[in-house]
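Number of protein chains: 2
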Amino acid sequence: MENRALILFAHGARAESWKAPFERLRDMTQRRMPEVKVTLAYLELMEPRLQPQVTALVATGATDITVVPVFLGQGAHVLRDLPLMVDELRLIHPSVTITVSGAVGEDPDVLKAMTDYCVKAARP
Amino acid sequence: MENRALILFAHGARAESWKAPFERLRDMTQRRMPEVKVTLAYLELMEPRLQPQVTALVATGATDITVVPVFLGQGAHVLRDLPLMVDELRLIHPSVTITVSGAVGEDPDVLKAMTDYCVKAARP
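In order, the protein sequence lines correspond to chains A and B.
Read left to right, the first sequence gives residues 58 to 181 (my numbering).
Read left to right, the second sequence gives residues 58 to 181 (my numbering).
Be a bit skeptical, because a hint or two may be false.
For chains that are exact copies, the list does not tell them apart, and a pair is met inside one copy or across any two.
To be verified - Lysine-lysine pairs mimicking BS3-like chemistry, simulated, CA-CA at most 25 Å apart:
hint, residue 1, residue 2
1, K169, K94
2, K177, K94
3, K169, K76
4, K76, K94
None of these hints come from the bench; they were simulated from the model.
Based on the provided sequences and hints, a complete structural model is requested.
Structural data, given as structure tokens:
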């Protein structure tokens with residue numbers, strides 16, 4: 058039986074406060090899908106990084122891992138760094154299916170919600 | 058009469074593709090509020106930066122400017138750098154009202170849309 062896991066992949070920052078919205082996003086997503094293990098991983102400055110997180114999930118039996126870039130735009134991190142990291146992970150874990158989704162900020166419904174927020178911000 | 062403007066303030070990146078979702082967000086927001094001038098500004102790596110953008114808006118008559126940090130989290134850029142930049146802008150333009158909203162990623166509706174996206178990504 059496939060054992061699915063989700064990794065919300067974020068940039069990371071020096072300020073601990075950076076984590077809060079990603080942790081909320083993880084918790085909200087986990088509540089909606091108790092059958093899928095939902096975790097976080099960071100590109101830099103924060104732990105855990107992507108590779109140890111994948112290794113940890115595989116060690117607990119994950120066979121199907123989806124990586125969601127929680128980025129607003131498709132910058133070099135999403136377009137260049139992440140595919141290289143995932144290629145390497147596929148070599149390390151050949152029996153695991155690793156899928157990468159589009160960046161969260163590219164989703165039309167997320168863009169719609171951000172637009173609503175900007176409109177509200179301009180009309181206090 | 059007050060003359061309102063909105064600045065969507067994003068991080069910036071080396072890859073030109075980084076701009077696309079912010080430009081879409083600007084265009085979508087502008088369509089919803091034709092009476093408010095909606096613009097972009099970047100913290101680093103991309104133009105225009107915040108200070109020249111504010112100067113340009115003031116030069117065209119803006120008297121009430123709202124800055125929306127289009128960031129997912131409250132990292133050092135939003136918590137430390139942006140308030141310092143805005144304090145300086147208020148000194149330069151004492152007759153202009155400059156307001157800073159919370160980061161887009163902290164909005165409950167944006168978080169909800171991001172959660173929906175993550176759930177969809179895990180269930181292809």
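**Study point:** Violated constraints from the hint list, given by number and in increasing order
**Key:** none
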